[in-house]
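J.: Sequence:
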Amino acid sequence: MAYGTVNEAWIVGAVRTPVGRHGGALSPVRPDDLGAIALEALMERTGVPPEEVEDIYFGCANQAGEDNRDVARMALLLAGFPEHVGGTTINRLCGSGLDAVANAARAIMLGEADVYVGGGVESMSRAPWAVPKPERAFPTGSTTMYDTTLGWRFVNPKMEEMGHADSLGMTAENLSQERFMITPDEDQPEGLAEEYDVSREAQDRFALRSHQKAIAATDEKRFREEIVPVTVKTRKSETVVEADEGPRRDASLEKMAKLKPAFKGEGSVTAGNSSSLNDGAAATLVVSADYARAQNLKPLAKIRSVAVAGVPPRVMGIGPVPATKKALDRAGISLDDVGLIEVNEAFAAQVLA
Numbered sequence: 001m002a003y004g005t006v007n008e009a010w011i012v013g014a015v016r017t018p019v020g021r022h023g024g025a026l027s028p029v030r031p032d033d034l035g036a037i038a039l040e041a042l043m044e045r046t047g048v049p050p051e052e053v054e055d056i057y058f059g060c061a062n063q064a065g066e067d068n069r070d071v072a073r074m075a076l077l078l079a080g081f082p083e084h085v086g087g088t089t090i091n092r093l094c095g096s097g098l099d100a101v102a103n104a105a106r107a108i109m110l111g112e113a114d115v116y117v118g119g120g121v122e123s124m125s126r127a128p129w130a131v132p133k134p135e136r137a138f139p140t141g142s143t144t145m146y147d148t149t150l151g152w153r154f155v156n157p158k159m160e161e162m163g164h165a166d167s168l169g170m171t172a173e174n175l176s177q178e179r180f181m182i183t184p185d186e187d188q189p190e191g192l193a194e195e196y197d198v199s200r201e202a203q204d205r206f207a208l209r210s211h212q213k214a215i216a217a218t219d220e221k222r223f224r225e226e227i228v229p230v231t232v233k234t235r236k237s238e239t240v241v242e243a244d245e246g247p248r249r250d251a252s253l254e255k256m257a258k259l260k261p262a263f264k265g266e267g268s269v270t271a272g273n274s275s276s277l278n279d280g281a282a283a284t285l286v287v288s289a290d291y292a293r294a295q296n297l298k299p300l301a302k303i304r305s306v307a308v309a310g311v312p313p314r315v316m317g318i319g320p321v322p323a324t325k326k327a328l329d330r331a332g333i334s335l336d337d338v339g340l341i342e343v344n345e346a347f348a349a350q351v352l353a
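FYI, our numbering numbers position 11 of the sequence shown as 11, with every residue one higher than the one before it.
Because the hints were derived from the structure by calculation, they are not lab data.
Each hint should be verified, as a subset may be incorrect.
The calculated lysine to any residue pairs, modelled on SDA-like cross-linking and capped at a C-alpha distance of 25 angstroms, are [to be verified]:
1) Lys158 - Val311
2) Lys233 - Leu78
3) Lys255 - Asn344
4) Lys326 - Val6
5) Lys325 - Ile11
6) Lys264 - Pro312
7) Lys260 - His211
8) Lys255 - Asn278
9) Lys213 - Val321
10) Lys264 - Ala165
11) Lys133 - Thr143
12) Lys233 - Asp244
13) Lys255 - Arg21
14) Lys213 - Cys94
15) Lys260 - Asp147
16) Lys258 - Glu201
17) Lys221 - Val343
18) Lys298 - Leu110
19) Lys158 - Leu93
20) Lys298 - Ala113
21) Lys221 - Gly339
22) Lys298 - Gly339
23) Lys236 - Ser27
24) Lys213 - Pro320
25) Lys264 - Asn278
26) Lys213 - Ala257
27) Lys133 - Ala61
28) Lys302 - Ala113
29) Lys255 - Val351
30) Lys233 - Ala64
31) Lys213 - Asp250
32) Lys213 - Phe223
33) Lys158 - Met170
Per label pair, the in silico range of CB-to-CB distance [as the list claims (entries may be wrong)]:
34) Lys133 - Arg293: 51 to 57 angstroms
35) Lys221 - Glu266: 39 to 45 angstroms
36) Leu110 - Ala294: 16 to 22 angstroms
37) Gly47 - Met159: 44 to 50 angstroms
38) Lys133 - Leu253: 47 to 53 angstroms
39) Arg209 - Lys158: 37 to 43 angstroms
40) Asn296 - Thr324: 29 to 35 angstroms
Glycine included, each C-beta is placed from N, C-alpha and C at the ideal position.
Construct all of the structure, not just a fragment, from the sequences and the given hints.
T.: Take a look at the structure:
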């Protein structure tokens, strides 16, 4: 492959572990081990020799504990990849894994190499507490201990003064209360939330439908080919985890309506219409079209375009709107041409907005 040439990037393999709930079945497993499990399964199922991989990009939003420094590199070594294979960890928060796949595609399009892995890993159960170092010896007074599972830690006071330090939950509340028209040239709030219809009931209904769709897909075994069972060993037992723990069969509008707001006294965002805290790993094999044809690899998808976009931090969840517009434009298609949309449902309010 010649460097600098424009090549097509194909996804020819995709696997994931089950998604475990916070403190659930996967909580005894380190994040680097979770990543290694996904990597081993990916190479085994695709039949591509690990030594042919140029680099492995892994998204990870935490990186405060066992996933510190470069979890991609640690995971690939644990998975038995040769030492000459590179590993890079990427952090774009909720979009980290997606960005990892995008980076693999960019490298292929540039002609740097033919074979990459893009994926991600997170263990919110095993996220540690963090304490800042004192600025002087033997300090007096109290100090703050941060739970690194979710949200800010060690935030810059200047960011707080700028109004850029809202918690993730509050950004969802902001979306449910104000209407933001986001374009590359205009990012100021205007109007009221009713125009978005981001009511508490609308959020609960959307979240309930997500649970129902996930349960139906599980029952119909639609996830069977992509899920890699994880064997969890403890001192007393050995368990094989094969199914996602997040979707709730007993979810109902009545139960959701009884939940209290999670982030604001009079708010509408609850534990029921927000995503759960989870553990898991995923990996995709991204190769050039020429390599796929030569190795008789069947493409699952072709990456047509990638785009990112910044929005006001207090409504960060609306970012997919301008990013999607840019991606569609780069691909030369319109929204009418799209048959399936997958959106990160961190909060129902975010997707509805």
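J.: Hints first: check each against the structure and report whether it holds.
T.: Each hint, compared with the structure:
1. Lys158 - Val311: The given pair, whose Cα atoms are some 19 angstroms apart, holds under the 25 angstroms limit.
2. Lys233 - Leu78: Holds, at roughly 17 angstroms.
3. Lys255 - Asn344: Between lysine 255 and asparagine 344 the Cα gap is close to 23 angstroms, so the pair holds against 25 angstroms.
4. Lys326 - Val6: holds, 20 angstroms
5. Lys325 - Ile11: holds, 23 angstroms
6. Lys264 - Pro312: holds, 20 angstroms
7. Lys260 - His211: holds, 19 angstroms
8. Lys255 - Asn278: Given that 25 angstroms is the threshold and the Cα spacing comes to 21 angstroms, the pair holds.
9. Lys213 - Val321: holds, 23 angstroms
10. Lys264 - Ala165: holds, 15 angstroms
11. Lys133 - Thr143: Satisfied, since the Cα-Cα distance of roughly 9 angstroms is no more than 25 angstroms.
12. Lys233 - Asp244: It holds: about 18 angstroms lies between the C-alpha atoms, which stays within 25 angstroms.
13. Lys255 - Arg21: holds, 19 angstroms
14. Lys213 - Cys94: holds, 22 angstroms
15. Lys260 - Asp147: Holds, at roughly 22 angstroms.
16. Lys258 - Glu201: The given pair, whose Cα atoms are some 11 angstroms apart, holds under the 25 angstroms limit.
17. Lys221 - Val343: holds, 21 angstroms
18. Lys298 - Leu110: holds, 22 angstroms
19. Lys158 - Leu93: holds, 21 angstroms
20. Lys298 - Ala113: holds, 19 angstroms
21. Lys221 - Gly339: Between lysine 221 and glycine 339 the Cα gap is close to 22 angstroms, so the pair holds against 25 angstroms.
22. Lys298 - Gly339: holds, 21 angstroms
23. Lys236 - Ser27: At roughly 15 angstroms apart (the allowed maximum being 25 angstroms), serine 27 and lysine 236 satisfy the hint.
24. Lys213 - Pro320: holds, 22 angstroms
25. Lys264 - Asn278: holds, 23 angstroms
26. Lys213 - Ala257: holds, 20 angstroms
27. Lys133 - Ala61: holds, 22 angstroms
28. Lys302 - Ala113: OK: lysine 302 and alanine 113 at ~17 angstroms, within 25 angstroms.
29. Lys255 - Val351: Holds: lysine 255 and valine 351 sit about 21 angstroms apart, inside 25 angstroms.
30. Lys233 - Ala64: At roughly 24 angstroms apart (the allowed maximum being 25 angstroms), alanine 64 and lysine 233 satisfy the hint.
31. Lys213 - Asp250: holds, 13 angstroms
32. Lys213 - Phe223: holds, 12 angstroms
33. Lys158 - Met170: Given that 25 angstroms is the threshold and the Cα spacing comes to 19 angstroms, the pair holds.
34. Lys133 - Arg293: 51 to 57 angstroms: holds, 54 angstroms
35. Lys221 - Glu266: 39 to 45 angstroms: holds, 43 angstroms
36. Leu110 - Ala294: 16 to 22 angstroms: Given a distance of about 19 angstroms, which is inside 16 to 22 angstroms, the answer is holds.
37. Gly47 - Met159: 44 to 50 angstroms: Holds: the Cβ-Cβ distance is about 48 angstroms, inside 44 to 50 angstroms.
38. Lys133 - Leu253: 47 to 53 angstroms: holds, 48 angstroms
39. Arg209 - Lys158: 37 to 43 angstroms: Because 41 angstroms falls inside the window, the suggested range holds.
40. Asn296 - Thr324: 29 to 35 angstroms: holds, 34 angstroms
Consistency with the previously given hints is maintained throughout, with no hint failing.
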